[in-house]
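Generate the whole structure from the sequences, applying the supplied hints.
Residue numbers (the numbering used here), protein chains in the order written: chain A, 870 to 1220; chain B, 870 to 1220; chain C, 870 to 1220.
Just so you know, these hints were derived from the structure itself, not from any lab.
Some hints could be false.
Identical copies go unnamed one by one, so any copy, or any two together, can satisfy a pair.
Okay, derived cross-link-like pairs now, DSSO-like style, lysine-lysine, Cα gap no bigger than 27 Å in a straight line [said to hold, decoys possible]:
1. 986 / 1052
2. 875 / 1052
3. 993 / 1101
4. 993 / 872
5. 873 / 986
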Amino acid sequence: MEKKEKIIIGLCIIATIAAGILHYVEANPILAFFVSAAALALLAMIVGDATEQLGSRLGPGMTGILQSSLGNLPELFVSIFALRAGLANVVQAALIGSILGNLLLVFGFALFLGGLKNGTQRFKSEPPKMIATLMILAVAALMIPTLAHELHTPAEAHINNLDIFCAIVLLVLLAANIYFSIKGDAAVVPQEKEAGEAEWSMGLAIGVLAGAGIGAALVSDWFVAALEPMMKTFGLSEAFTGLVIVAIAGNSIENLVGIQFAWRNQADYAVSIMLNSSLQIALGLIPVLVILSLFLGGSVLTLVLPPLLVASLALAAIVSAFIVYDGESIWLEGLALIGLYFIIAASFWWG
Amino acid sequence: MEKKEKIIIGLCIIATIAAGILHYVEANPILAFFVSAAALALLAMIVGDATEQLGSRLGPGMTGILQSSLGNLPELFVSIFALRAGLANVVQAALIGSILGNLLLVFGFALFLGGLKNGTQRFKSEPPKMIATLMILAVAALMIPTLAHELHTPAEAHINNLDIFCAIVLLVLLAANIYFSIKGDAAVVPQEKEAGEAEWSMGLAIGVLAGAGIGAALVSDWFVAALEPMMKTFGLSEAFTGLVIVAIAGNSIENLVGIQFAWRNQADYAVSIMLNSSLQIALGLIPVLVILSLFLGGSVLTLVLPPLLVASLALAAIVSAFIVYDGESIWLEGLALIGLYFIIAASFWWG
Amino acid sequence: MEKKEKIIIGLCIIATIAAGILHYVEANPILAFFVSAAALALLAMIVGDATEQLGSRLGPGMTGILQSSLGNLPELFVSIFALRAGLANVVQAALIGSILGNLLLVFGFALFLGGLKNGTQRFKSEPPKMIATLMILAVAALMIPTLAHELHTPAEAHINNLDIFCAIVLLVLLAANIYFSIKGDAAVVPQEKEAGEAEWSMGLAIGVLAGAGIGAALVSDWFVAALEPMMKTFGLSEAFTGLVIVAIAGNSIENLVGIQFAWRNQADYAVSIMLNSSLQIALGLIPVLVILSLFLGGSVLTLVLPPLLVASLALAAIVSAFIVYDGESIWLEGLALIGLYFIIAASFWWG
Chain A
870 MEKKEKIIIG
880 LCIIATIAAG
890 ILHYVEANPI
900 LAFFVSAAAL
910 ALLAMIVGDA
920 TEQLGSRLGP
930 GMTGILQSSL
940 GNLPELFVSI
950 FALRAGLANV
960 VQAALIGSIL
970 GNLLLVFGFA
980 LFLGGLKNGT
990 QRFKSEPPKM
1000 IATLMILAVA
1010 ALMIPTLAHE
1020 LHTPAEAHIN
1030 NLDIFCAIVL
1040 LVLLAANIYF
1050 SIKGDAAVVP
1060 QEKEAGEAEW
1070 SMGLAIGVLA
1080 GAGIGAALVS
1090 DWFVAALEPM
1100 MKTFGLSEAF
1110 TGLVIVAIAG
1120 NSIENLVGIQ
1130 FAWRNQADYA
1140 VSIMLNSSLQ
1150 IALGLIPVLV
1160 ILSLFLGGSV
1170 LTLVLPPLLV
1180 ASLALAAIVS
1190 AFIVYDGESI
1200 WLEGLALIGL
1210 YFIIAASFWW
1220 G
Chain B
870 MEKKEKIIIG
880 LCIIATIAAG
890 ILHYVEANPI
900 LAFFVSAAAL
910 ALLAMIVGDA
920 TEQLGSRLGP
930 GMTGILQSSL
940 GNLPELFVSI
950 FALRAGLANV
960 VQAALIGSIL
970 GNLLLVFGFA
980 LFLGGLKNGT
990 QRFKSEPPKM
1000 IATLMILAVA
1010 ALMIPTLAHE
1020 LHTPAEAHIN
1030 NLDIFCAIVL
1040 LVLLAANIYF
1050 SIKGDAAVVP
1060 QEKEAGEAEW
1070 SMGLAIGVLA
1080 GAGIGAALVS
1090 DWFVAALEPM
1100 MKTFGLSEAF
1110 TGLVIVAIAG
1120 NSIENLVGIQ
1130 FAWRNQADYA
1140 VSIMLNSSLQ
1150 IALGLIPVLV
1160 ILSLFLGGSV
1170 LTLVLPPLLV
1180 ASLALAAIVS
1190 AFIVYDGESI
1200 WLEGLALIGL
1210 YFIIAASFWW
1220 G
Chain C
870 MEKKEKIIIG
880 LCIIATIAAG
890 ILHYVEANPI
900 LAFFVSAAAL
910 ALLAMIVGDA
920 TEQLGSRLGP
930 GMTGILQSSL
940 GNLPELFVSI
950 FALRAGLANV
960 VQAALIGSIL
970 GNLLLVFGFA
980 LFLGGLKNGT
990 QRFKSEPPKM
1000 IATLMILAVA
1010 ALMIPTLAHE
1020 LHTPAEAHIN
1030 NLDIFCAIVL
1040 LVLLAANIYF
1050 SIKGDAAVVP
1060 QEKEAGEAEW
1070 SMGLAIGVLA
1080 GAGIGAALVS
1090 DWFVAALEPM
1100 MKTFGLSEAF
1110 TGLVIVAIAG
1120 NSIENLVGIQ
1130 FAWRNQADYA
1140 VSIMLNSSLQ
1150 IALGLIPVLV
1160 ILSLFLGGSV
1170 LTLVLPPLLV
1180 ASLALAAIVS
1190 AFIVYDGESI
1200 WLEGLALIGL
1210 YFIIAASFWW
1220 G
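Have a look at this one:
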């Protein structure tokens, strides 16, 4: 284990313990919120590292499977606790917010900073286009239940069935996507940086993963508990909290990696990471939560989203696809993506 | 005439006679429906073959004209009889369903099966992009009357005039498209397989075409007559019946050709066929029916479609355009297209 | 100064004087309208020429700044007078109409005529794609306030704040765009024809610009005054008047230049000009007017547009982006763009 990794794990343990104390002491909900958010972000990062280490021990194929199933573990826990707390609106906004955050904000910063440093960046390989196309398809599928509901079609009365059908189709595509990333044509599967050499022993990787998973489950509970007091204190709307605050807490540090690669002029790989992260949420996390929520006893998560959220999702998917298809990017496009993110976030500001 | 063609014509004659008997005997409407649907599909196939044979006798230019004017003959007859039977909703759904079926289901199967067999398939030539662009433009034009109506603009009160104006513009584009396919730059006109060598005599081609045309007119009547009992028996909604059942009956066998070419790794030609078939419906069949319906005395066909149908059409056009522009395709994209088709079809399931 | 330029200035002075006389005599409002429209179109052309001449004296970087700030001067004046006359609907329609006119009508004619003359035209360089991508992003940003309002989100009650926020973001992107066109990677900045050699002295350029600016301010007033009588006489709706009549009067001659380049088979440059002109309106003219209108004392210009206008804008941006991304164009695509423009215009015909 590298020194940097040890420091992160150390920080994470401290943050987790602090978050736990603040939660049970019930002293200052605002401080509790920020500490648990920080712990969550660090745990997300460690889960990512441990998954990769474990994957590189188990062979290249398994990395894809592990990343798909475990990569969004912290967001999964947060969503489950939030659904049980009756915060379905926050969860919906946070899931779409994670996608928007990736496609607009993180992608925007990657192009902006990468472009400022390296000039015009060119996407040469095929994976970015492929993932952008799949993202467009996933978003189109995700839009149907909301459209069916908002346009008052007869399906409106059977929307739960349509949700479940839609979730199953998305999960089939997720399975196919994992299979493809293992067996597919090497030219169109995103390559991993330097095949992520296994530096941790198998036992260490499993241990860290298990520890981080348990930590994520605990911290998610505390984070959700601190969410409502925080919203009240700052007067934030449920939609804005989910779309921006929760989404960034769950994704932020994880996504610094993508920006790092753009900075090093590895635009292709940076784009693949960021788009793929969104795709995992659309094909995996969202349908899993739709189906899980039926058995959890809290709010049911429906795919009938606030229409402005769906419209923003559609805009983000189309806009990012055009940038990828463009074949090259400049910092100005990155800035425009960031600007679009801010305008969308602003439109959810009022509660 | 090849042996295969003789068998198809023989089967078709048997199916047509059986459909006629079942229609007049009024014994079993469900059986009558399936037999007339089968006869219709076979007739559509024979009309296609005969059109091609006649075209290759009359020169390459004429093939385009004939295919544009006669290729959708069976669907034209079915639509006319259905409009006269007051089934305007079914006709609207069937027309859009034919386009969706081509752009999502047939295109999806072509990419899925072609990709499984041949690995990543690349589109090199220009026609697929060109047709996808024209399809996007035609869909944009088709969306305006529905938008004008649903958004309650002043044009809502004059929607018949807007429909007719829109239909005329689309027919002008159809004429230009036919002219272009005759005179245009060879590099951007889809090439025919092996120029379809004329194997039938002119007389035989005209005879078969006339016979199949008369057959299609008769069978369409019987098919429409069996439609309502079938819908009642199976509890199908008008929208689902049109979108899926009628659309597939009118297009299915015809479109197997496209899938066949993808299977043989001729992705460019396969895509051109499938997109072009959709384009003929959007630029030809739909505006012709809008104008014809004014004089038929049955329901008037309007371009004001159910908004979910229009939204699905827009999604299908954008999604398929991105896949074509991508330049290469994998079976996973095909599977995602099929998945999107199923989700859209499911959203119209309830009546 | 060339002879052609002298003739245009002469004609313009005559038209301006005639427009002034007709305005103050109050004889024939229809004649007054057409004369002031002609004067306005000529003034727009002269402002364009003088800006370019001044720019080439001040160095290449300044040209971009001047064109961005002064290129839409006549439209700015017309919009200001129309807002003060309470014609906010006309202004909204005219601003979107200018973009639609560029993206569909002018672009369509350029591809149609250029394609008929030169066959298939290919876009090789990068600027057209880049501008099309930025246009898509700007349109996405412009759509948010209307969506927030029409979908009745909580932001509906704070729409003025959202408008202002959105306008500021667009102006930041405008500033970045100007900076990029000065300092950016030469490969992705549209090249000017032949660097526009300075033929006028600095004094002459400033003098002509000042004269044309004053003329534009005067004529705009008279043009707006004649607008309402003209609308009543011909029974035109406010939306149609803005979308078609005002938009074309403000842009028409200016845009003949783009068509000219397409005719000479310089498709890349033609596309850059036309898309860039739309981008300047979206990033510059619209947000400037939103903010200016707060201080003018007339109608306030809001970004909450009639939804059909926003839908048309989105269709135009997507359609034109696909044509640019296509990499080549045929006259048929041009014709389809023109057809789409006519259908959209027709949908606003009724008042």
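Now for the hints, and whether the structure bears them out:
1. 986 / 1052: Classified as between; 14 Å across copies, 36 Å inside a copy.
2. 875 / 1052: This pair counts as neither: shortest intra-copy Cα distance 34 Å, inter-copy 43 Å.
3. 993 / 1101: neither (48 Å within a copy, 55 Å between copies)
4. 993 / 872: Close neither inside one copy (35 Å) nor across copies (49 Å); limit 27 Å.
5. 873 / 986: The answer is within: 25 Å in one copy meets 27 Å, while 46 Å across copies does not.
Figure legend: structure checked against the earlier numbered hints; hints not met, in rising order: 2, 3, 4.
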